[in-house]
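Model the full structure from these sequences, guided by the hints.
2 protein chains.
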Amino acid sequence: MMFDMNSIIRKIAEEIRPSEQERRRLMDIYEHVKSTLETCLSLSLNRDVEVTLQGSLAKDTFLRGQSDIDVFLLFQPRSDTDYRWFKEVLVPVVISCFKDYRYTLNYASHPYVTLYVDDVEVNIVPAFRIESPSKIISAVDRTPFHTKYVRSHLSIEQRDEVRVLKYFLKQWGLYGAEASTRGFSGYLAELLVIAYGTFLTLLKNCTSWRAYETCIDIENQYKSKRECLEKFRNDVLVVVDPVDPGRNAASALSVKSFALFKLLAGLFIERPSPMFFRINEIEIHSNVPTEEVVRMHVEEYGSCLYGLEFDIVKPIPDVVWGQLNRLRKAVTNTLRSQGIGEVVRADSWIDRALTKAITVVEIIYCNKRYTLHRGPYAYDVHNALRFLIKNKSIGMGPWINDDGRLYTFRMIDTNIVKIIMDTILRCSPTSLRLTKVLDLGNRETLQTVDPGFKEWLRSFLEGDPIKKIMKLLEDSYLDP
Amino acid sequence: MMFDMNSIIRKIAEEIRPSEQERRRLMDIYEHVKSTLETCLSLSLNRDVEVTLQGSLAKDTFLRGQSDIDVFLLFQPRSDTDYRWFKEVLVPVVISCFKDYRYTLNYASHPYVTLYVDDVEVNIVPAFRIESPSKIISAVDRTPFHTKYVRSHLSIEQRDEVRVLKYFLKQWGLYGAEASTRGFSGYLAELLVIAYGTFLTLLKNCTSWRAYETCIDIENQYKSKRECLEKFRNDVLVVVDPVDPGRNAASALSVKSFALFKLLAGLFIERPSPMFFRINEIEIHSNVPTEEVVRMHVEEYGSCLYGLEFDIVKPIPDVVWGQLNRLRKAVTNTLRSQGIGEVVRADSWIDRALTKAITVVEIIYCNKRYTLHRGPYAYDVHNALRFLIKNKSIGMGPWINDDGRLYTFRMIDTNIVKIIMDTILRCSPTSLRLTKVLDLGNRETLQTVDPGFKEWLRSFLEGDPIKKIMKLLEDSYLDP
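Protein sequence lines correspond, in order, to chains A and B. Residues in the first sequence are numbered consecutively from 1, following UniProt numbering. Residues in the second sequence are numbered consecutively from 1, following UniProt numbering.
The reader is advised that the hints may include incorrect statements.
One copy or any two copies: either way a pair holds, since identical chains are not told apart in the list.
Dumping the calculated BS3-like pairs for lysine-lysine here, alpha-carbon to alpha-carbon at most 25 angstroms [as the list claims (entries may be wrong)]:
1. Lys471 x Lys204
2. Lys390 x Lys471
3. Lys471 x Lys170
4. Lys467 x Lys454
5. Lys454 x Lys225
6. Lys471 x Lys392
7. Lys204 x Lys390
8. Lys170 x Lys204
9. Lys392 x Lys467
10. Lys148 x Lys329
Simulated from the structure, these hints should not be mistaken for lab results.
Set out below in structure tokens:
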């Protein structure tokens, strides 16, 4: 059965478009918060402040049942209005204004209050009102400019296109610019729809994006593609921020997310299916328990599976994820460079409460005791002699191969756990503390772990999301 | 203890220089053969023929106790004087001239008779007397020109230098241009001494030879190095034949032999020792039997060791070796491309009688059932989808790595013996017939093999000649 792309997209758009009632309710909450703040702050503070609505509610690009409300308090820049004043004076006042409501404090990149009003999250964020984005004092000061730009450039129909794109990204774990995802932010999704007009046109066009060679510059702020790429040479994709040409709205995107998005887009174009928007219904080995998947990896692939368990000391998500990603790379690089295992794979999990993290390291064929080292050409005498001296009697070889190179089969340091622990020690992460190294290949150990982690482990081992893509391909023939 | 290079070389030169008595005796044999031939041929044949001395005796570059005598019968080119006439008329006549002597017939690239006179091999080779090497009819017609060139360009002192070089090459298995060695021919050794003056100067200068980028053109027959290299672009080293500029005297040299020679030269310069000329005295694990070495490889490196046993159907050494080398490459390439084993090593042995050949294939960590395949970048949508379709459910994965590429862990075809046999079948060698595939890791099988092969196997597994080089390095410190 062949599906029509447009009808799939229109159907999804209907499903995820918020109802008039929902929008009304959220706006009512906002109006209530706004008037409370205006009254309360004018009584408590001697500051000029503007209460504004930002975020996807302001832009009408939020998904049904999934909106929070972003309220920005805009202050005039003044020497006595600083982070410290936000934190020590403003935030307590805001809390006191809403003493009947549940709230949380957030001091991540910026101090702000999250209020729960009628089960809706309301973020109350202080920022500065500046003339132009080139004069930002804090990162959030850019937000009102983003809101304004998107509102004035997205038609009503295109807000649906943004919603479809966001929903698509969420399905495949690609939504969000934070370090845990390194995917597409909401603002980036909006810019892409502005650039391409519709979700479908975006999908059709993105297949010609080339990694590190594509610059999307909606407002033509750069003279040439080349100039643009030179400015952002380390970013896999460049989408110039229309309100701040020095910023790449896609800078957080990883090559992995970039690749997955392109792959999905290409596949959807070739083989459209509503299942792209219902991936929870794609079942892959759903009845195989994690224990079985682990056993398969240990027995079939000769895998060692280690779980590096950390206590999270400073629960700032981007910092924790940044450190976990660095650790993961350091550990896999060290193991690879020592020739341990055929393949080393790793990924990290964090619990919901942000108290514990586990990095899983899978080392395939970990029971090898020797590894091949390719040396210099034997005719490169200086280096060849150094190689021979260095490789005196530590395994088989060296020998000269048909290619004229020296090779040796070198003994591996098989104390893998120690190598991992030393690597972590060297990285000395400030927000993580290693508590133990779990042998996940051990059935009893596996029974003690967090159920959420156990489920995540299964998905890691099974190679999500590619397994779901494979399922979509099943029984199909794509003309190569 | 530090040795002086010159004194080592002078000492060796003394040892290997033939005595006056030996030279006299060989010349006497030659004179006897020559006069017998002159008389006998003039009686039996109606052809103008010149009996000449060629080879290392003629050039006085032979080693003590190691000379055979090359006698060339030079005929005028004539339509009725062809290979067939050589074979059917001349050779029987030559044999009849020496009916009291033991002889063998050789029909390799050229029909000739080898006579055993007083335990000395005398090769009687028919060839054509031509005006210039550009007009050769048979490959051996060039020989008289080589002899003349070398005789007129080597001083008496330099003949010693050639001998030392030849002896050095023999020690390390680098002497001979035939397919079994792919090393340095005697003529090449002579040219190198002519080019560099002495053995030591050659060693000192060869360290600056660069693979595929060195052209030694003694007579400056090419306008530029570039022109020379373009002409011989597939040869690792070019030594233009002074008597035939279209020919590279080093064309048979393999990159492996080239590499080993440079390595040895560099090492001798850095650490001169008489042991370079006495490598049979360098003992490496001499008391470990082959069985033990095999056991070590099987148990420590997880090796499978196969011996592909061939009957030699047509015993022409260069053809057999050429086919063995091709087979060996085909087998290792096939196994590697299928991801079988961590490392595949192979080499071949032929018995002295030229009746049987065994190619040994060592597959390290051969018990692996899966192998890593690196696919295209996931953002290269067309190829990524093809890769996904191709790799449906045949092992672990595919997954997207941090580098944005697709990887899969693919099941290996573990019927190694069948893969090897299919590959040999595809090559269909004309001079070899596969008789069986031996499992050399099996102790009982190992006990049934030829003792010469068993000794050779030990040396193959232990990585000669690098093991001997390592021994020379032992207890030494070479400033890197």
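Hint by hint, here is what the structure shows:
no., hint, verdict
1, Lys471 x Lys204, "within (22 angstroms within a copy, 65 angstroms between copies)"
2, Lys390 x Lys471, "between (50 angstroms within a copy, 13 angstroms between copies)"
3, Lys471 x Lys170, "within (19 angstroms within a copy, 63 angstroms between copies)"
4, Lys467 x Lys454, "within (18 angstroms within a copy, 50 angstroms between copies)"
5, Lys454 x Lys225, "neither (46 angstroms within a copy, 67 angstroms between copies)"
6, Lys471 x Lys392, "between (51 angstroms within a copy, 9 angstroms between copies)"
7, Lys204 x Lys390, "between (55 angstroms within a copy, 24 angstroms between copies)"
8, Lys170 x Lys204, "within (19 angstroms within a copy, 68 angstroms between copies)"
9, Lys392 x Lys467, "between (46 angstroms within a copy, 9 angstroms between copies)"
10, Lys148 x Lys329, "neither (39 angstroms within a copy, 67 angstroms between copies)"
Going down the numbered hints, you'll see the structure goes against 5 and 10, while the others check out.
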